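Asker: First to last, the sequence lines map onto chains F and A.
Using this note's numbering, the letters of the first sequence map in sequence onto residues 1 to 191.
Using this note's numbering, the letters of the second sequence map in sequence onto residues 1 to 273.
Please note that a few of the clues may not be correct.
Stated by the list, open to error - Heads up, simulated DMTMM-like pairs for lysine to aspartate or glutamate below, C-alpha to C-alpha not over 20 Å straight-line:
(1) Lys154/F x Glu9/A
(2) Lys154/F x Glu27/A
(3) Lys102/F x Asp58/F
(4) Lys29/F x Glu66/F
(5) Lys29/F x Glu27/A
(6) Lys43/A x Asp76/F
(7) Lys102/F x Asp62/F
(8) Lys170/F x Glu27/A
(9) Lys154/F x Glu4/A
(10) Lys29/F x Asp58/F
Simulated from the structure, these hints should not be mistaken for lab results.
The structure displayed is predicted, hence computed values, not measured ones.
Residue strings, one per chain:
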Amino acid sequence: MSDPLDDMSAPHDSPRTDRELVEAILTRKDETAFRELYRRHTPRLLAFVARILARSDDEAEDVVQEVWIHAFESLDRFQWNSSFATWLTGVGLNRVRDRIRKYGRSRESAVDVMPDIAVVPASPEDRVDLDRMIRRLPNDQRMVLVLHDVEGMKHREIAERMEIPEGTSKTLLFNARGRLRAMMSRKGERP
Amino acid sequence: MTDELTPEEREALQNLPRERMPSAGLEDRVVGAMRERGFLAAKRPGRVVRITTSRVAGLLAACLVLMIGAYSIGLHRGGDNEVLRSMLPAVQDEGVATEIIPSPPQSAAPGKNETREAPPATRSQPEELAKSSDAVEEDLRLEWKLKDADERSDAPVAVPASPMVTEGAVDDRVATGQQPAEEAEKSLAATNTAKKSGRSEVLSPAPLNARKLSADASRESVAQPSPRPRSFTLGGSALIVEAPDSVRIIQDGQGRMLLIYTSDGLIRIRLAD
Chain F
1 MSDPLDDMSA
11 PHDSPRTDRE
21 LVEAILTRKD
31 ETAFRELYRR
41 HTPRLLAFVA
51 RILARSDDEA
61 EDVVQEVWIH
71 AFESLDRFQW
81 NSSFATWLTG
91 VGLNRVRDRI
101 RKYGRSRESA
111 VDVMPDIAVV
121 PASPEDRVDL
131 DRMIRRLPND
141 QRMVLVLHDV
151 EGMKHREIAE
161 RMEIPEGTSK
171 TLLFNARGRL
181 RAMMSRKGER
191 P
Chain A
1 MTDELTPEER
11 EALQNLPRER
21 MPSAGLEDRV
31 VGAMRERGFL
41 AAKRPGRVVR
51 ITTSRVAGLL
61 AACLVLMIGA
71 YSIGLHRGGD
81 NEVLRSMLPA
91 VQDEGVATEI
101 IPSPPQSAAP
111 GKNETREAPP
121 ATRSQPEELA
131 KSSDAVEEDL
141 RLEWKLKDAD
151 ERSDAPVAVP
161 ASPMVTEGAV
171 DDRVATGQQP
181 AEEAEKSLAA
191 TNTAKKSGRS
201 EVLSPAPLNA
211 RKLSADASRE
221 SVAQPSPRPR
231 SFTLGGSALI
241 VEAPDSVRII
251 QDGQGRMLLI
261 YTSDGLIRIR
271 LAD
């Protein structure tokens, strides 16, 4: 099973691999190595966190900061069986879920009350944007849709990361796609 | 439950942006947080200077400007001396005694053959002498230092330190029959010379065939007083010649001869081949 995020392990601007950079940080507390690692992975990490979190950009950056800290705190548990980018995404997913669990319950509850009604854009002037529609999905549906259809993960891996059954992952994905299609059809556009 | 994405849906989802550039301050915030938790080394006091391409280019440009300026200053202040000195032949000090040949009466007007031998203008002589420096350097081993024409010297006339006399040195006047042989020149002796501090003038030998010089150099009138004295060094010793002075190098049947016109007479130095 190919990991679409594995390509992030390859060096971009430097001959040093992710593992070499991590070792430099752990052994010598090398700030230069960390900055290189940060610049290599943060753009993609931020896009993922922002899409999953569906909050303001400032909040997404706060989560990114937490991701880096938690990543190095739990680095001893990373066995380099997957790419560093994949592992970083998993840490990001956990941080987002923790934040949603802590601060996003009200929004999720409102959406769950009317699960079959597509979310209507806040105002007619809102541009129909797939990303904006994804943001309006319920949290769990949004996470599964992003992990599966955008990041390319399999249901087994999604279920493992989200600590849900694989069947639940498939259901959440089915519902997410239905809502998305409904939103698009209401605006006269379909992806 | 089947719910596959249509190709258009799949393409739309795949075309979503995968990266987002963080704000400018996020990196430093993250680094600061990492440093607080001990994952990164504590920040050293002072500003971290990052070596960028633009800074390296600026440093190189500054170094180049300094080098050019220093070189220009060196040329202006005395670099010419070094340049000209390298063109001069070295003199071999043989320690042969010489004497100064008294100059003819001042009233003697330069003949038509002497006209060309009259000391040239002070400022023009170094230029004339420099013309054939390449050719002369092969034969001559005379090392001169010629003082800047603007400088003055109060030093008395002294005899050149290092004689350059070959056997059978013959006065040019003898060669041309204009003077008896007994008046043949003797080589100049290195006597007491006063070394002037720091004042020296680079001189390059006269062109070999630049002038048609009369052999009767002793009859020619003494060089018109030049407003500034000149000092020379020969083999490390100093020769100071008061005005009116001029230095010429002539070619005769015996080879080359250096003529120094002084107020006390003409000094001839046979240059060794």
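Asker: Given the hinted pair lysine 43/A and aspartate 76/F, is their alpha-carbon gap at most 20 Å?
Answerer: This hinted pair is violated, its Cα atoms lying about 25 Å apart.
Asker: Please work out if lysine 154/F and glutamate 4/A have their alpha carbons no farther apart than 20 Å.
Answerer: holds (14 Å)
Asker: Are the Cα positions of lysine 102/F and aspartate 58/F separated by 20 Å at most?
Answerer: holds (17 Å)
Asker: Would the hint linking lysine 29/F and glutamate 66/F be met if the CA-CA limit is 20 Å?
Answerer: Holds, at roughly 18 Å.
Asker: Taking only the CA atoms, is the gap from lysine 154/F to glutamate 9/A under or equal to 20 Å?
Answerer: holds (18 Å)
Asker: For a C-alpha distance cap of 20 Å, please report whether lysine 170/F and glutamate 27/A respect it.
Answerer: Roughly 37 Å separates the two Cα atoms, so the pair is violated.
Asker: CA of lysine 29/F to CA of glutamate 27/A, is that 20 Å or under?
Answerer: Distance of about 16 Å is within 20 Å: holds.
Asker: Can you confirm whether the C-alpha distance between lysine 154/F and glutamate 27/A stays at or below 20 Å?
Answerer: violated (32 Å)
Asker: For the pair supplied as a hint, lysine 29/F and aspartate 58/F, is the alpha-carbon distance within the 20 Å limit?
Answerer: violated (27 Å)
Asker: Does the alpha-carbon distance linking lysine 102/F and aspartate 62/F stay inside the 20 Å limit?
Answerer: holds (14 Å)
Checked against the numbered hints given earlier, this structure breaks hints 2, 6, 8 and 10; the rest are met.
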